[in-house]
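Letter by letter, the chains look like this.
2 protein chains.
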Amino acid sequence: MIALYANLGYNREVKRMRNQKINLLPEIQNRSSVLLYEEDREIEPEKLAAVMEAARLAPSARNLQPWRYIVVQEKTQRDRMVKAMNAVNFWASSAPCLITLISHPPLGYTGEGKCYYLYDCGLSVMSLVIEAQHQELKCRQIAAFEENKIRGILAIPADWQVIVVVAIGYQGDLEREKPHLLKRWGIEAYSRVESRLLNSRTRKTMEEIVSYGKFNNQDTRNNNQTNSKSQ
Amino acid sequence: MIALYANLGYNREVKRMRNQKINLLPEIQNRSSVLLYEEDREIEPEKLAAVMEAARLAPSARNLQPWRYIVVQEKTQRDRMVKAMNAVNFWASSAPCLITLISHPPLGYTGEGKCYYLYDCGLSVMSLVIEAQHQELKCRQIAAFEENKIRGILAIPADWQVIVVVAIGYQGDLEREKPHLLKRWGIEAYSRVESRLLNSRTRKTMEEIVSYGKFNNQDTRNNNQTNSKSQ
Chain A
1 MIALYANLGY NREVKRMRNQ KINLLPEIQN RSSVLLYEED REIEPEKLAA
51 VMEAARLAPS ARNLQPWRYI VVQEKTQRDR MVKAMNAVNF WASSAPCLIT
101 LISHPPLGYT GEGKCYYLYD CGLSVMSLVI EAQHQELKCR QIAAFEENKI
151 RGILAIPADW QVIVVVAIGY QGDLEREKPH LLKRWGIEAY SRVESRLLNS
201 RTRKTMEEIV SYGKFNNQDT RNNNQTNSKS Q
Chain B
1 MIALYANLGY NREVKRMRNQ KINLLPEIQN RSSVLLYEED REIEPEKLAA
51 VMEAARLAPS ARNLQPWRYI VVQEKTQRDR MVKAMNAVNF WASSAPCLIT
101 LISHPPLGYT GEGKCYYLYD CGLSVMSLVI EAQHQELKCR QIAAFEENKI
151 RGILAIPADW QVIVVVAIGY QGDLEREKPH LLKRWGIEAY SRVESRLLNS
201 RTRKTMEEIV SYGKFNNQDT RNNNQTNSKS Q
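Chains A and B supply the protein sequences, listed in that same order.
Residue numbering for the first sequence follows the numbering used here, beginning at 1 and increasing consecutively.
Residue numbering for the second sequence follows the numbering used here, beginning at 1 and increasing consecutively.
It should be emphasised that the hints constitute simulated quantities derived from the structure, not laboratory data.
Treat each hint with caution, since some may be false.
As the list makes no split between identical chains, a pair holds if one copy fits it or if it spans any two.
The calculated DSSO-like cross-link candidates involving lysine-lysine, where the alpha carbons are at most 30 Å apart (straight line), are [said to hold, decoys possible]:
hint : residue 1 : residue 2
1    : 21        : 149
2    : 114       : 183
3    : 75        : 183
4    : 178       : 21
5    : 183       : 149
6    : 83        : 178
7    : 83        : 114
8    : 21        : 214
9    : 21        : 83
10   : 214       : 75
11   : 214       : 149
12   : 21        : 75
13   : 114       : 75
14   : 114       : 178
15   : 178       : 75
16   : 114       : 21
17   : 214       : 183
18   : 178       : 214
19   : 214       : 83
20   : 183       : 21
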């Protein structure tokens, strides 16, 4: 069902882009956030190096590079981290690698009340995620966790913020693993994962997010997701 | 001189990555922020569409997509915008297109004191910038401007923040344009651009930004730029 729904949206997008002669970078076109990984398949060191290299090369305000990453692959430690996440992220236990991004305001540029460290962290992670796609790896970013517990597990000082945990690995096959996962997660949790995958593939329309010459506010706060394609 | 210096750094990086068998996405490997554009060369509509499509497809916390973009190509309006920027950004007048990103906290997810709208905006712009590189376009992000003036020019309500202005277009040839630019900018401004290009190509080392298993704080605040390669 997921595959069918996603393909309908995907085909519509592809058709629209062909009509507009849009030739999108495949790593951006085909990127999506997954909720199941091949748990026992480790990431090759050279692939992990490429992914971190992409994060490193990102631009930042005044070139301050306010990102610090902590890579965890060891299973016991990963399990502790997943327990520190909100229950909704139970799926993360299948990821063979968790990359935690930490930062805090003094590392970045501040201008007119805006702390750019968070913005710059986003630049760096998007570079990481697109490179992951290039390496045939999949990611999902996790922002819902008990920050203090993650700090404890990774020896992060109290004045640093845990921004996101990026789950990364080879994509698992939800359809094929369904019987196994139903047993392991239960029907309710399995259905929640299925519906999250559907929902994450929607996007606002181009008209809702882009205006020309001046701001044309299309307030869509009550209508958040109106268009197709992958998170 | 710039080309020589940059190539030295670039060659060192390429050698290091070959040794580590790193096969980086060319759009990430070759991306850099420029300070001179081909002023009279407009961006093809299908290329601009691809760039905005990449921005649209970015992931975000709870899929809230807290980014709104305003595209300006008309010269009079661009000139007004450049005048609203800090003097250091005078070079932006050569960009045939300025894309302004606006947002504010209510659009995004907030968790444990962290407003993810800024982080998500970073995700979206990095997708835009990498797609631009794929379309043979170059960008530079500008964060230093008088926010209220930009608001006025683009009819942005007071409760919205102007996050960045992305200058985008085909790269100009600084060496070839040097005589012309010396006349137009003066020697001091020209030298400033030259030295910014050198400086923006440095990055922290991998050891400074990545640790394994737990946070290994390499405080480099007094030693911000120690490694080579492109902003």
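- Task: Would you list, in rising numerical order, the hints stated earlier that this structure does not obey?
- Result: Checked against the structure, the hints that fail are numbers 1, 2, 4, 9, 14, 16, 17, 18, 20, while the rest are satisfied.
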